[in-house]
Amino acid sequence: MQIITQELLKKCKKNERAAMAELFSILAPKLKGICYRYCGNTFDAEDLLQESFIIIFTKLGTYRDEGSFEGWAKRITVNTSLNWLKKNKVILQMQELNNRVEPEDDSEEENIADVYAEELVNHIAGLPDGYRTILNLFAIEGFSHKEIAEQLGINESTSRSQYSRAKKALQHLFMKEKRS
Amino acid sequence: MKSFEKNIKTQANAFQMDPTPGSFDKVIAALEKKKKRRFIFWLWFLIPGFAIGGTIGIYQIFSSSDKTTLAHQKTEYVTESTKNSDEQTTSQSSSTENIISSSSAPDNSNIHSSEKNTEVTNESQTDVTNKNESNTFEKKKNNSTVNTNTKNIHQTHIIDANQLNIKNNDDKSVTDIGIKKRINESAIRPFFPTSVKIQENRNGSLLSTKDIPLEPSILPIPTTLHSKFSLGVYSDLGVSKSIFTSKQNDSTSQGYYSARKETDQFIFSYSAGLQFRYSPVKFLTVETGIGFTHYESNQIIVNGGASSSSMTTDLLDTVITLFASAPTSKEYRNTYDYISIPLKVYYQKRWKWTSIEAGGGVIFDIPVHTEAYVADENSGYSYLRNTVKDSRLNMFGIQVSANVNMVFHVKKFSLFVGPTFKYRLNSMFDENYIIQQRPYFIGGQLGVRYNF
Chain A
1 MQIITQELLK KCKKNERAAM AELFSILAPK LKGICYRYCG NTFDAEDLLQ ESFIIIFTKL
61 GTYRDEGSFE GWAKRITVNT SLNWLKKNKV ILQMQELNNR VEPEDDSEEE NIADVYAEEL
121 VNHIAGLPDG YRTILNLFAI EGFSHKEIAE QLGINESTSR SQYSRAKKAL QHLFMKEKRS
Chain B
1 MKSFEKNIKT QANAFQMDPT PGSFDKVIAA LEKKKKRRFI FWLWFLIPGF AIGGTIGIYQ
61 IFSSSDKTTL AHQKTEYVTE STKNSDEQTT SQSSSTENII SSSSAPDNSN IHSSEKNTEV
121 TNESQTDVTN KNESNTFEKK KNNSTVNTNT KNIHQTHIID ANQLNIKNND DKSVTDIGIK
181 KRINESAIRP FFPTSVKIQE NRNGSLLSTK DIPLEPSILP IPTTLHSKFS LGVYSDLGVS
241 KSIFTSKQND STSQGYYSAR KETDQFIFSY SAGLQFRYSP VKFLTVETGI GFTHYESNQI
301 IVNGGASSSS MTTDLLDTVI TLFASAPTSK EYRNTYDYIS IPLKVYYQKR WKWTSIEAGG
361 GVIFDIPVHT EAYVADENSG YSYLRNTVKD SRLNMFGIQV SANVNMVFHV KKFSLFVGPT
421 FKYRLNSMFD ENYIIQQRPY FIGGQLGVRY NF
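Residue numbers (the working numbering), protein chains in the order written: chain A, 1 to 180; chain B, 1 to 452.
Hints listed in this document are in silico derivations from the structure and should not be mistaken for laboratory results.
Heads up, some of the hints might be wrong.
As the list claims (entries may be wrong) - Chain B regions said to be covered by chain A (calculated; three or more residues, Cβ under 8 Å):
{"no.": "1", "stretch": "259-265"}
{"no.": "2", "stretch": "416-427"}
What the hints assert, rightly or not - In silico BS3-like links for lysine-lysine, alpha-carbon gap of 27 Å or less:
{"no.": "3", "chain 1": "A", "residue 1": "Lys74", "chain 2": "B", "residue 2": "Lys330"}
{"no.": "4", "chain 1": "A", "residue 1": "Lys11", "chain 2": "B", "residue 2": "Lys35"}
{"no.": "5", "chain 1": "B", "residue 1": "Lys9", "chain 2": "A", "residue 2": "Lys30"}
{"no.": "6", "chain 1": "A", "residue 1": "Lys86", "chain 2": "B", "residue 2": "Lys261"}
{"no.": "7", "chain 1": "A", "residue 1": "Lys87", "chain 2": "A", "residue 2": "Lys30"}
{"no.": "8", "chain 1": "B", "residue 1": "Lys9", "chain 2": "A", "residue 2": "Lys168"}
{"no.": "9", "chain 1": "B", "residue 1": "Lys352", "chain 2": "B", "residue 2": "Lys261"}
{"no.": "10", "chain 1": "B", "residue 1": "Lys35", "chain 2": "A", "residue 2": "Lys14"}
{"no.": "11", "chain 1": "A", "residue 1": "Lys86", "chain 2": "A", "residue 2": "Lys14"}
{"no.": "12", "chain 1": "A", "residue 1": "Lys59", "chain 2": "B", "residue 2": "Lys35"}
{"no.": "13", "chain 1": "A", "residue 1": "Lys176", "chain 2": "B", "residue 2": "Lys9"}
{"no.": "14", "chain 1": "B", "residue 1": "Lys330", "chain 2": "A", "residue 2": "Lys30"}
{"no.": "15", "chain 1": "B", "residue 1": "Lys352", "chain 2": "A", "residue 2": "Lys74"}
{"no.": "16", "chain 1": "B", "residue 1": "Lys412", "chain 2": "A", "residue 2": "Lys87"}
{"no.": "17", "chain 1": "B", "residue 1": "Lys36", "chain 2": "A", "residue 2": "Lys14"}
{"no.": "18", "chain 1": "B", "residue 1": "Lys33", "chain 2": "A", "residue 2": "Lys86"}
{"no.": "19", "chain 1": "B", "residue 1": "Lys36", "chain 2": "A", "residue 2": "Lys87"}
{"no.": "20", "chain 1": "A", "residue 1": "Lys10", "chain 2": "B", "residue 2": "Lys352"}
{"no.": "21", "chain 1": "A", "residue 1": "Lys87", "chain 2": "B", "residue 2": "Lys352"}
{"no.": "22", "chain 1": "A", "residue 1": "Lys30", "chain 2": "A", "residue 2": "Lys74"}
{"no.": "23", "chain 1": "B", "residue 1": "Lys261", "chain 2": "A", "residue 2": "Lys30"}
We put the beta carbon where it would ideally sit given N, CA and C, even for glycine.
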C-alpha cells in the first residue's frame, strides 16, 4: 500500500507532474469509489473524480498538514459530489417525497455483515438518488440528520424518512439476492 | 453505532474503483486551461489598471511640473534706488514690503539666491521717481514651495502680470473678467487655487495685487482641444449570446438546432486591442485598429452510450451524440478566438475636459483558434475540434458595432468608457453547416488614447 508522504505533497505543491501523477494513482481508486457511491453511474463518477482532483490540485496550497491528507481529499470529493447532486436537482426532488418517518427495523441487520464491498456499493448505486445520498451521508460519512438537513437544505424529517427507506430498500435487495 | 451502519461503513470505505485510462491527463489539461483562464481574467484587470495608473502618474508629473512653473512665476520686486532716494521711493518700497507680506508670500530668507537674480529695468519707474532716478528692480525668483498643500483649496498664487500680457500702462481696460479669462486660457492656470493675485504695475502704482477668484479645478487645461491623430488601447468587456437558424428541415438538423438554441445563454466575452483614430474635423473621427476577440457559446453534450473502450481517450476528439435532455448530459463551452479589425466613424462633441462620442461601424473577424464541438451531419455525432481548419468556421466574419463613449481628457491623454453593442451579420460557420449561428455582444468599452 502506497503512502502519501509530506515530501510527495511538497512536490505536488510545486506542480511537479510526476508527483501529481503518483498522488493521483494513490487516491483516485478510493475517490472514484466515493463518487460512484454518490452519483450511481461510472460515467458521472469519472467526471466527478476529475473535477475533485482539479479542486484538490488547485487548493493544495491551503492544506495545512492538519489531519490526514486522505481525509481532506475525501471531504473535497464528498462536497464535489454533493454539489453535483444539487446542480442536477436531486436534492430538490427529495423534498417532493413523502416525509413520513417510518419506524426503524433492525431485524435484518445481520444480512449485510458478510457482503463484499463491491456488491454493497453496487446495491447502493442502484438505489434512488434521494435514498442513496442520505444513506451515504448518514451511514458512511457519519453525519447526523440535523447536519444533513442543513447541508442539503431539506427538513430533518425528510432526511430521517429517506434514510429509513434507503435502509429497508437495501436490506430488501440483500434478502432477495440471498434467496436467489 | 448500530451494526448496520458499522458494517456498511466498513465495506463502503474498502470499495475502490479504477479510473479510466487518460483520466490524469484530462485533469492536467483542465488545470492548464484553468490557469490560462485565470491569467486572462487578471489580465483584464491589469490593462485598465495600468491605463488608469499610468494616466494618474502622468497627471501627477504634469501637475507637479505646472506647480514648479507657477513657483517660478512668483516674483518679488524690490526697489533699489541707486541715487537720490526720496520719500516716494521709500514709501513705495515699504508699500512693496507690505504687499509682499500681506500676500502670504513665503519667508524671503529662504528664497533669495544671488545666482538666480536678474536685473530688469522697470520702465514705469521714471513716472514715479521724478525722471532722475533709475531704479533697478531685483527680480528674485522664488523657488520655494508654493501651495504644495493641495488640501487647502483657498490658496493664493501670485502670477506676473507680464505672463498674461498685461502691460504697465496700456491695459487699464483689462477687467477682472478679462484677466480671469486670460488665466484660464493660458497654460499657467493653477490646478487647485480659488484665488490668484496678479502682480501688476498699473495706475501709477508700482506694485499692487488683485484678487481674481477662480473656480476650483482638478484637471489641467489640455494643450490642444483638437488632435488629428490618436493612438490607444481599448477593451470590450461584456456578455454574448447567439441567434441560431436551422439550415435543413430534417430531424437531425432540427434537433441539433433546438438543442443549441434552448441551451444557449449569456456568457462572459471580451475583446481588446490597439486603435488608431484620425479626426479630419473637430466633430468627426474615423477609427481603425487591430484586436483580439474571444467568446464562448454554451452547448450540452451527451454521452452517446458508447462504451468507454470505443470512446477515444483524447480529450480533444471525444465522440458524443448531438442532443440534450439525457441524464448523462453535461455542459461544454465552445470557445472561439478571432483577430478583429474595426472600421468605425464617430461623431463627437467636445468640451474642455470631457467629450461625448457616438458612433459605429463594422468589425472584420478572422478566426485564429477554437475549441468547439463540431457536428457531423452524416454520423449524427459531434467531435471536439481545436483547429480552425477542422472547425467548419467561416474564415471571414463581419460584425456591426455601435458605441457611445464618455471621454475624459487629461493633457494629451483621453480616457474613454461607455456601452457597446456588436452583432455578427454573417454566420460563424460555413454556409453548408447544419446550423447558422450569429452571436451578439452587449457590454462596455474602456480604454485610453494618446492624442498627437
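Evaluated hints:
Check on the stretch 259-265 of chain B: 0 of its residues sit with their Cβ under 8 Å from a Cβ of chain A, so the three-residue criterion for coverage is violated. Restraint check on the stretch 416-427 of chain B versus chain A: 0 residues with Cβ-Cβ distances below 8 Å, three needed, restraint violated. For the proposed pair Lys74 (chain A) and Lys330 (chain B), the alpha carbon gap of about 23 Å is at most 27 Å, so the pair holds. Using a Cα cut-off of 27 Å, the hinted pair Lys11 (chain A) and Lys35 (chain B) holds, with the two alpha carbons roughly 18 Å apart.
As the CA atoms of Lys9 (chain B) and Lys30 (chain A) are separated by approximately 14 Å, the hinted pair is consistent with the 27 Å bound. A threshold of 27 Å between alpha carbons decides the hint, and for Lys86 (chain A) with Lys261 (chain B) the separation of about 25 Å falls inside it, so the pair holds. For the proposed pair Lys87 (chain A) and Lys30 (chain A), the alpha carbon gap of about 23 Å is at most 27 Å, so the pair holds. In summary, the hint linking Lys9 (chain B) to Lys168 (chain A) is supported, as the alpha carbons are separated by about 16 Å, within the 27 Å threshold.
Of the supplied pair hints, the one linking Lys352 (chain B) and Lys261 (chain B) is violated, its CA atoms being roughly 48 Å apart against a limit of 27 Å. Simply put, Lys35 (chain B) and Lys14 (chain A) have alpha-carbon atoms about 14 Å apart, close enough for the 27 Å limit, and the pair holds. Distance check on the hinted pair: Lys86 (chain A) and Lys14 (chain A) sit about 33 Å apart at the alpha-carbon level, beyond 27 Å; violated. The hinted pair formed by Lys59 (chain A) and Lys35 (chain B) meets the criterion: a straight-line CA distance of about 13 Å does not exceed 27 Å.
The hinted pair formed by Lys176 (chain A) and Lys9 (chain B) meets the criterion: a straight-line CA distance of about 21 Å does not exceed 27 Å. Taking the CA atoms of Lys330 (chain B) and Lys30 (chain A), the gap is about 24 Å. The hint holds against a cut of 27 Å. Between the alpha carbons of Lys352 (chain B) and Lys74 (chain A) the distance comes to roughly 63 Å, so the proposed pair goes past 27 Å and is violated. A distance of roughly 52 Å separates the Cα atoms of Lys412 (chain B) and Lys87 (chain A); the hinted pair therefore is violated under the 27 Å criterion.
Restraint check for Lys36 (chain B) and Lys14 (chain A): satisfied, since their Cα atoms lie roughly 17 Å apart, inside the 27 Å limit. Between Lys33 (chain B) and Lys86 (chain A) the CA atoms are separated by roughly 25 Å; this keeps the pair inside 27 Å, and the hint holds. Our distance criterion of 27 Å between C-alpha atoms is met by Lys36 (chain B) and Lys87 (chain A), whose separation comes to about 26 Å. Only pairs whose Cα atoms come within 27 Å are accepted, and Lys10 (chain A) paired with Lys352 (chain B) is rejected, the gap being roughly 59 Å.
Restraint check for Lys87 (chain A) and Lys352 (chain B): the C-alpha separation of about 54 Å exceeds 27 Å, so the hint is violated. A C-alpha spacing of about 8 Å is found between Lys30 (chain A) and Lys74 (chain A), which places the hinted pair at or below 27 Å, so the restraint holds. About 39 Å separates the Cα atoms of Lys261 (chain B) and Lys30 (chain A), which puts this hinted pair outside 27 Å; it is violated.
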